[in-house]
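K.L.:
Taken in sequence, the protein lines are chains A and B. Using my numbering, the letters of the first sequence correspond one by one to residues 1 to 115. Using my numbering, the letters of the second sequence correspond one by one to residues 1 to 112.
Bear in mind the hints are in silico, worked out from the structure with no lab data behind them. Since we're looking at a predicted model, the values are computed, not measured. Honestly, I wouldn't trust all of these hints.
Unchecked claim - One side of the interface only, derived from the structure: several residues of chain B facing chain A at Cβ under 7 angstroms: (1) Pro39; (2) Ile43; (3) Leu46; (4) Arg99; (5) Phe102; (6) Glu104.
Unchecked claim - Over 10 angstroms on every C-beta distance to chain B, these chain A residues come out as not near it, computed from the model: (7) Gly16; (8) Asp27; (9) Leu44; (10) Val62; (11) Ala72; (12) Ile93; (13) Ser95.
To be verified - So the derived label-pair ranges between C-beta atoms look like this: (14) A/Ser15 x B/Gly57: 44 to 50 angstroms; (15) B/Ser26 x A/Leu74: 33 to 39 angstroms; (16) A/Lys14 x B/Ser30: 39 to 45 angstroms; (17) B/Gln66 x A/Lys64: 37 to 43 angstroms; (18) A/Ser54 x B/Ile65: 40 to 46 angstroms; (19) B/Pro112 x A/Pro40: 21 to 27 angstroms; (20) A/Ser15 x B/Thr12: 38 to 44 angstroms; (21) B/Glu15 x A/Lys41: 20 to 26 angstroms; (22) B/Lys53 x A/His85: 42 to 48 angstroms.
Backbone N, C-alpha and C define an ideal beta-carbon position, used for all residues, glycine too.
These are the residues of each chain, in order.
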Amino acid sequence: GAVVSQHPSWVICKSGTSVKIECRSLDFQATTMFWYRQFPKQSLMLMATSNEGSKATYEQGVEKDKFLINHASLTLSTLTVTSAHPEDSSFYICSARDRGRNTIYFGEGSWLTVV
Amino acid sequence: KNEVEQSPQNLTAQEGEFITINCSYSVGISALHWLQQHPGGGIVSLFMLSSGKKKHGRLIATINIQEKHSSLHITASHPRDSAVYICAVLPQAWTSGSRLTFGEGTQLTVNP
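Just chain B, with the same shape it has in the complex (with noise of 0.2 angstroms):
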């Protein structure tokens, strides 16, 4: 079982659908991190999280640290935000050389 699991690993929506991607960990964590990746590759930290909930513009991301689950959110969907969504974790005192771990990704498609 890996320590980070997101679901769904692959989903498609219809333009301005709202969408969640779901992000369960097993370790205890100081922080997450939601990250949006592109076909080109680049990476974009969406959000760092460590309690509550982070709002930037259509995008939401809540955790619930005594579940140790974290959800992504993209309200009114478009197809700018298709993409690969990876949740990733820092470990509990994350000190010097502590390494992230990651989830498997969620590939986003979002048809116009």
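Next up, chain A with everything else stripped away, as it sits in the complex (with noise of 0.2 angstroms):
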């Protein structure tokens, strides 16, 4: 069974308001989470990586204050896209990293499409 869970799977929301994305490992505690975003036929894209406690650390070209990141704790990070544009519909994938195991497993991806 999923061992990270992301809700919700997909959502449709107005031009000009928020969304939140959850990501959940389910029975690990996930130090490191990673946030994706993919576009159709196109390869996954790094959007920001989630360490627990602290800041995210975005990739070059991400808007910070419009992808907020918050990894309040060991198993639970959260993407609010904020001020939603039609150009920010796509697929939003976390993944989490197990270091007990020294891997990494992926959500279930959450289909947005802004309106």
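Make the complex out of the two chains shown on their own, each in a separate frame, by following the hints.
P.N.:
What follows is the structure, given as structure tokens:
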């Protein structure tokens, strides 16, 4: 079964509103979580790295004020897309590092459509 | 030149065929993942390799660290194997915050 749960699986929101996506590790503590976005037929693009208890590290070109990442606990990271625009419509996916097993697991992903 | 290159980009096979997808990388790595992404978007990690060979069902993954090359093989392919297969590498000395580097993916279509 899934060891990283992402919610919601899909969401439609209006332009200008904010939407939050959650990423939970179910049976391990994830000190590091990663957020990606993927456009159709393109590769995964890392947006930011989230470390528990500290500020996220954003990749070049990713607006930190637009894509708010919070990693308040060892099992939960959230991505909030603020003031969403249609061009933010994409597939967002998280992954979490299990240091104990030295591997990473992926969430199921979230489809965001901004109308 | 991408740090991780996959070939082929697209692959169409008939059911039952033996399939090979290749991944070459240019950086030192601590491990390599083979991922499977279905049309719905969800990603499954098929293998994590740091040396040698792993087998799971009809899937076999090999890695040659010296040649910086890995292959994913599918024996007796089936239409349900149709998906995008992605190679991703973890850098050496993977510390907190280090990131995966992904290949572009291989779109596999297996026809009945």
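K.L.:
Each hint should be assessed against the structure and marked as holding or not.
P.N.:
Now the hints, each set against the structure:
The interface hint given for B/Pro39 is violated, since its Cβ lies 11 angstroms from the closest Cβ of chain A, which is over the 7 angstroms cut-off. Contact between B/Ile43 and chain A, as hinted, is supported at the beta carbon level, the nearest pair being about 4 angstroms apart and thus within 7 angstroms. About 11 angstroms separates the beta-carbon of B/Leu46 from the nearest beta-carbon of chain A, more than 7 angstroms, and the hint is not met. This hint holds: B/Arg99 has a C-beta 5 angstroms from the nearest C-beta of chain A, less than the 7 angstroms allowed.
Interface restraint check: B/Phe102 against chain A, minimum CB-CB distance 5 angstroms, threshold 7 angstroms, status holds. For B/Glu104, the interface hint holds, since its Cβ comes within 7 angstroms of a Cβ in chain A; the closest pair sits about 5 angstroms apart. With a least beta-carbon separation of about 25 angstroms from chain B, A/Gly16 lies farther than 10 angstroms from that chain, consistent with its non-interface assignment. The non-interface label for A/Asp27 is consistent with chain B: the shortest C-beta to C-beta separation is roughly 15 angstroms, beyond 10 angstroms.
The beta carbon of A/Leu44 sits about 5 angstroms from the closest Cβ of chain B, which is not more than 10 angstroms, so the claim that it is off the interface is violated. Every C-beta of chain B lies more than 10 angstroms from that of A/Val62, the closest at about 13 angstroms, which supports listing it as non-interface. No Cβ of chain B approaches the Cβ of A/Ala72 within 10 angstroms, the least distance being about 17 angstroms, so the stated non-interface status holds. Listed as a non-interface residue, A/Ile93 fails to keep its Cβ farther than 10 angstroms from every Cβ of chain B; the least gap is roughly 6 angstroms.
Chain B draws A/Ser95 into its interface by the beta-carbon criterion, the shortest separation being 8 angstroms against a cut-off of 10 angstroms. The supplied range of 44 to 50 angstroms is met by A/Ser15 and B/Gly57, whose beta-carbon atoms lie about 45 angstroms from each other. For B/Ser26 and A/Leu74, the hinted distance range of 33 to 39 angstroms is satisfied, since their beta carbons lie about 34 angstroms from each other. Distance hint for A/Lys14 and B/Ser30: a CB-CB separation of about 44 angstroms, consistent with the stated range 39 to 45 angstroms.
The given range of 37 to 43 angstroms is respected by B/Gln66 and A/Lys64, whose C-beta atoms sit roughly 40 angstroms from each other. One distance hint, 40 to 46 angstroms for the beta-carbon pair A/Ser54 and B/Ile65, is violated here, with the actual separation near 33 angstroms. Distance hint check for B/Pro112 and A/Pro40: the Cβ-Cβ separation is about 25 angstroms, which falls inside the suggested range of 21 to 27 angstroms. Taking the beta carbon of each, A/Ser15 and B/Thr12 are about 39 angstroms apart, inside 38 to 44 angstroms as hinted.
For B/Glu15 paired with A/Lys41, a C-beta distance near 24 angstroms keeps the hint of 20 to 26 angstroms intact. The given range of 42 to 48 angstroms is respected by B/Lys53 and A/His85, whose C-beta atoms sit roughly 47 angstroms from each other.
The structure does not agree with the numbered hints 1, 3, 9, 12, 13 and 18 stated previously, though it agrees with the rest.
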